[in-house]
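> These protein sequence lines are chains E and X, in that order.
Position 255 of the first sequence, counted from 1, bears residue number 255 in full-length UniProt numbering, the numbering being contiguous throughout.
Position 148 of the second sequence, counted from 1, bears residue number 148 in full-length UniProt numbering, the numbering being contiguous throughout.
Hints may contain errors.
Label-pair restraints from in silico Cβ distances [said to hold, decoys possible]:
no., chain 1, residue 1, chain 2, residue 2, range
1, E, Arg29, X, Val109, 30 to 38 Å
2, E, Gly147, X, Val131, 54 to 62 Å
3, X, Val109, E, Gly147, 43 to 51 Å
4, X, Pro182, E, Gly237, 49 to 57 Å
5, X, Ile266, E, Arg29, 44 to 52 Å
6, X, Pro182, E, Glu78, 26 to 34 Å
7, X, Thr25, E, Gly26, 56 to 64 Å
8, X, Arg20, E, Thr144, 49 to 57 Å
9, E, Leu138, X, Ile266, 21 to 29 Å
10, X, Trp66, E, Gly147, 44 to 52 Å
11, X, Val109, E, Gly237, 32 to 40 Å
12, E, Gly147, X, Val258, 58 to 66 Å
Honestly, the hints are just simulated from the structure, not real lab data.
For each residue, glycine too, the CB sits at the ideal point set by N, CA and C.
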Amino acid sequence: MLARDPVLPAVFEVDRLTLEYRTPAGVVRAVDDVSFRAAEGERLVLLGPSGCGKSSILKAVAGFLKPASGAIRVRGREVKGPGPDRIVVFQEFDQLLPWKTVRQNVEFPLRMASRLSKVEIRERSEIILKKVGLERVLDGYPHTLSGGMKQRAAIARAMVTDADVLLMDEPFAALDALTRTQLQGELLDLAEELGFTLLFVTHSIEEAILIGTKLHLLSPHPGRTITSLDTSEFGRGDLGSARLEALSREVHDLLFTKRTDSKAVQHV
Amino acid sequence: MSDLSLGRPAEKSRAAVRLRDFVFTSAIIRKILVLALLALIWELAARYMNKPILFPTFTATMAALWEAVTTENLLQSSWASLFVLLKGYVISIVLALVFVSLAVVSGFVRELLQTLISMFNPLPAIALLPVAMLWFGLGEKSLLVVLVHAVMWPFALATLTGFESVPETQRLVGRNYGLRGPSYVVRILIPAALPSILYGMKIAWAFAWRTLIAAELVFGVSSSSGGLGWFIFRNRNELFTDKVFAGLAMVIIIGLLVEGVIFRVIENVTVRRWGMQR
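Required output: the full structure, derived from the provided sequences and hints.
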C-alpha cells in the first residue's frame with residue numbers, strides 16, 4: 001500500500017506493526033505503527049534507547065509475540081508463530097542447551113527441522129563451527145566455554161540452518177569490550193561470505209553503523225519510527241574515522257533531540 | 001599445599017601426601033569414614049547402656065543380620081518389599097510426568113494439579129491405608145495405592161517447580177525450532193529441569209520406602225513370603241531386638257546404596273557433567 005516501489009523483493013517485511021502488552025494496570029502500547037523491510041543479504045539494525053520496543057519487534061518477527069495490528073511477512077508468507085525459518089540468537093549465554101555438547105547444539109535445529117541425513121548434518125555443523133573458530137571444543141559442554149565462545153556457538157547454530165532471516169537480539173551486549181569488537185568483526189566476515197539476511201537489535205550506535213547496511217531508528221514509549229538510514233558504505237575500515245564519528249553524532253542527535261537532559265546514553 | 005615446601009625429602013612423605021589427598025578427595029572413602037564413625041558411636045553407646053534387649057550393639061546387629069540373611073531369607077523378604085516398591089515407584093513417576101506435562105500445556109490441568117498437590121501432599125500415605133484396605137483388600141493392590149499416593153505428589157511438585165524454572169531463553173530456543181507438545185516437553189523441559197526432577201525422585205524414593213515399611217508393619221504379610229516390614233514386626237513380637245535392628249539396618253543399607261550408588265551415578269553422567277549442578 002506504500003507507494004514506494006521496492007527494487008528488490010523483500011525477504012522480510014514489517015508492515016504498520018503495533019504491539020501491545022497486557023498488564024494488571026491495563027494495556028500498554030510498546031510499538032506503534034512501525035514499518036520496515038529488508039531484501040536478500042541486507043542487514044537491518046533496529047536502534048533505539050531502552051523502552052523503544054526493539055526487542056519486542058524482534059520477538060514479534062520471531063513469532064513469540066502476536067501483533068495487535070499490522071503484519072509481518074517473511075518471503076511473502078505471513079508470520080503466524082515461531083518457526084525455524086527465522087532463527088534467533090539471544091543475548092543470554094544460557095541459550096545453548098547445557099545438556100548438549102557444542103556440536104550437538106549446532107546440529108539440533110537441523111535435526112529438528114531439516115531433511116538432511118545424519119552425515120550431512122554432521123559435516124555442515126563441523127564446517128560452520130570451524131568458521132567461527134570452535135573446532136577445538138566441538139565435544140565440550142557449554143558450561144566449559146567462555147562467554148564469547150558461547151555466543152560464537154549460538155551464531156553458528158543460527159547460521160547452520162538455511163533460515164530465511166537471522167534474528168539477533170543484542171548478541172554481544174553481555175560481552176567485554178574486547179571480545180565484543182572481535183565478534184562484531186567475525187560476524188561481518190561471515191555476513192560477507194555467506195550473505196545472510198539479518199535483523200539485528202542493539203542500543204549501541206557504533207555497533208549499529210558497523211553491522212548494519214540499514215538503520216531503523218526508534219523513539220521510546222511507545223516505539224515509533226524516527227527515520228531510516230542507509231549505512232551500507234560503512235565498514236570496519238571506518239572505525240575511528242571522522243566520517244563515522246559524524247554519522248554517530250547525527251544518529252545520536254536524531255535519537256535524543258527531545259531529551260536534552262539525558263546524559264545517560266550508552267556509548268560503546 | 002604447604003607440603004610443597006618440603007620439596008626433596010624421601011619418596012615416603014610424598015606417598016603419604018598422595019594418600020592423604022586421596023583420602024580427603026575421594027567421596028567414597030569419606031563416606032566410609034563417616035559410616036565407620038557412626039557405627040563406632042553406636043557400638044560404644046550400646047555397650048555403655050548394656051541393655052541388649054532394648055538396644056543391641058552394632059556388632060550384635062551385624063551378626064543377627066548375617067544370620068537372618070543366611071538362614072531366614074532376609075534378602076528374599078527385602079526383594080519382596082523392593083519389588084512392590086519399584087512397581088509403585090515406576091507407576092507413580094510415569095503418572096506424575098504425564099500429569100505435569102499436561103499441566104504445561106493446559107492452564108486448567110495445571111490448576112487441577114496444583115490443587116491436588118496441596119490437598120494430598122500433606123496427607124500421610126499411611127492414613128490412606130484403612131481406606132485402601134477397605135477398597136482393595138489385604139494385598140499388593142492396597143500397598144500400591146498407598147505407595148503411588150506417597151510418591152506421586154512430592155515428585156509432581158518437584159517436577160512442576162523444575163519445569164517452571166526452566167530459563168525463558170531455553171524455552172524460546174525450543175519454540176524457535178518449531179518444537180511443540182510432547183517433543184517440546186521431552187527435548188527441552190525434561191532435560192532442562194533434570195536437576196529438580198532428580199531431586200524429586202530422591203525425595204520420592206525416601207517417601208516410598210518409609211510408606212512401604214510402615215504399611216507392611218500394619219499389614220503383616222503382603223505377599224507369600226512377607227516383606228521386610230513383616231520381618232521387623234515378627235521379630236519385635238518375639239523380642240528378638242537384634243533382629244529388629246538387623247531389619248532396620250537392611251532398610252538403611254538399601255537406602256544408602258540407592259542414594260550413594262544409583263542416584264550418584266545418574267547425576268554424574270547427567271547434571272554434573274552438564275554443569276547444571278555441582
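> Now tell me if each hint is right for this structure.
How the hints compare with the structure:
1. E:Arg29 x X:Val109: 30 to 38 Å: holds, 33 Å
2. E:Gly147 x X:Val131: 54 to 62 Å: About 56 Å separates the Cβ atoms of E:Gly147 and X:Val131, which means 54 to 62 Å holds.
3. X:Val109 x E:Gly147: 43 to 51 Å: violated, 39 Å
4. X:Pro182 x E:Gly237: 49 to 57 Å: holds, 52 Å
5. X:Ile266 x E:Arg29: 44 to 52 Å: holds, 49 Å
6. X:Pro182 x E:Glu78: 26 to 34 Å: Hint holds: Cβ distance 27 Å, inside 26 to 34 Å.
7. X:Thr25 x E:Gly26: 56 to 64 Å: holds, 59 Å
8. X:Arg20 x E:Thr144: 49 to 57 Å: 29 Å Cβ-Cβ, so the 49 to 57 Å window is violated.
9. E:Leu138 x X:Ile266: 21 to 29 Å: With Cβ atoms ~25 Å apart, the hint holds.
10. X:Trp66 x E:Gly147: 44 to 52 Å: violated, 57 Å
11. X:Val109 x E:Gly237: 32 to 40 Å: Check failed, 58 Å falls outside 32 to 40 Å.
12. E:Gly147 x X:Val258: 58 to 66 Å: violated, 39 Å
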